[in-house]
Amino acid sequence: MAGSSSPESPRPGPPLWLLAEVTYRCPLHCVYCSNPVDFAKVEDELAADDWKRVFREARALGAVQLGFSGGEPLVRDDLAELVGEAHGLGFYTNLITSGVGLNETRIGQLRAAGLDHIQVSFQDSTKEVNDFLSSTRTFELKLKVARLVKSHGYPMVLNVVLSRLNIDHIDRIIEMALALDADFLELANTQYYGWAYLNRDHLLPSRAQIEHAERVTNAYRAKIGSRMKMFFVVPDYYADRPKACMNGWGSVFLTIAPDGLALPCQAARMLPGLVFPNVRGSSVGEIWNESPAFNAYRGFGWMREPCRSCPERTRDFGGCRCQAYMLTGNATNADPVCALSPDHDRVTAAVERAQSARVLAQPLVFRERAASIERLPPA
Amino acid sequence: MAEIAPHAQPALRSMYRLQWEEAQQAWVLLYPEGMVRLNGPAAEILRRCNGATTVSSVVDDLERTFGTTGLTTDVNEFLNEAVARGWIELA
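Residue numbers (the numbering used here), protein chains in the order written: chain U, 1 to 379; chain L, 380 to 470.
These aren't lab readings, by the way, just hints derived from the structure by calculation.
Be a bit skeptical, because a hint or two may be false.
[To be verified] Some chain U residues flagged as far from chain L (calculated, every beta-carbon gap over 12 Å): (1) D116; (2) A179; (3) N218; (4) K229; (5) S309.
[What the hints assert, rightly or not] On the chain L side, residues computed to face chain U include the following (Cβ under 7 Å): (6) P411; (7) E412; (8) V415.
Just so you know, even glycine gets a beta-carbon here, dropped at the ideal spot from N, CA and C.
Next up, chain U with everything else stripped away, as it sits in the complex (with noise of 0.2 Å):
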């Protein structure tokens, strides 16, 4: 700002948290992917080499947790070898993953090479469901697969993303996983991001799902205890105040995308007026410490009112850079799920519209290669 005192920025912590989307590919269709729209566009996927080098300099900066996601981490054949490179670098690694490519043989190969947990994700406790939000036939392959993650020893993380469509079996989602002896379950209502934007209208539930919802899943853990965590992610459009996502523009998280990409989190390559560096040209270090687009949100500075003189700034950092962008056009602003941003508006009539059932004009958008060349811009 021209005319303010702009103290040096403090050096960022570590990025304790580092998140390798090994690639875009995914056997699965769901409609509520958080992958870029346009995936299409990135074919170039980062070579093992490539992924072990970022994996050292992440942990020479202080990264520990490590994430493989994707899309399907499973589809590439070198992941017992990513993992074991991780492994011996002390990081706790993490797979994330629909299951689909696990077998007994795989995960032989991913224990011997030092995988610490494996977080398996359902559409749904009914195959019908299940199967036409992945538009596949995975539901029995993922009950076998859950299966066979806890008879390797493994801690398991059932992962269930919430939606209007699923939502109302919230009963016999937590039966499942009780069944399946999953040691936490992730209830995560949708985050309108990527694909799940384009079908927000679909997916987003109505106030009575939610605490429905929610009521269940208090009744449950008074009954069971502490037998099975549960986390239940309530969709920030019905908060008054914005998530503290990511914990802070980088502050504490890293993403790499399947092409090297670089960025604060998965949602932020949709931001204009950013150059996300590459980490097939820049160290990891450079990227983290120095480069502009990680700096674009630290601190409080960049920010613009009413978050510059809110008191909960420091609590929330305004919220999501991609949500305000997304709905406001401007990713500066206040994220809207705040009730003081002047865009606040943008999020009620979302909400609004979710309180009654309709039928909408456009279908219900799979995450599909042909759907992604469709969206991407014209050459």
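Dock chain L against the given chain U, drawing on the hints supplied.
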């Protein structure tokens, strides 16, 4: 506070890993998709929870190492907390 038997043998549960992090200058407890940064005393106790050492030996060892006495209550309090959080189990 529940009484933990002096002959109980606390052990980290298998999904948890305790390690020193140079960048944080701290011991941390790692678990699926999460991390707890431990303070000095917590780390010293957890490092001794190996499933073989009894609670009374943990206390003895700490008192000897740090040249002090009367740690039984503190150790018990912490172990109770660690059980409640699911970090350790008692054999």
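Closest C-beta approach of V415/L to chain U relative to 7 Å, hint status
violated, 12 Å
When you look at the beta carbon of N218/U, is every beta carbon of chain L farther off than 12 Å?
holds, 19 Å
Against chain U, run the beta carbon of P411/L and see if the smallest gap drops under 7 Å.
Status holds, d = 4 Å.
Compute the least Cβ-Cβ separation between A179/U and chain L, then decide whether it is above 12 Å.
holds, 20 Å
Should the hint that E412/L touches chain U count as held when the rule is a Cβ pair under 7 Å?
Constraint on E412/L satisfied, holds at 6 Å.
Take a quick look at K229/U and tell me if its Cβ sits farther than 12 Å from every Cβ on chain L, holds or violated.
violated, 8 Å
Verify that the Cβ of D116/U lies farther than 12 Å from every Cβ atom of chain L, and report whether the claim holds or is violated.
Contrary to the label, D116/U does not stay out of reach of chain L, its closest Cβ about 7 Å off (not over 12 Å).
Can we confirm that no CB of chain L comes within 12 Å of the CB of S309/U?
Nearest chain L Cβ is 32 Å from S309/U, so the label holds.
The earlier numbered hints that this structure contradicts are 1, 4 and 8.
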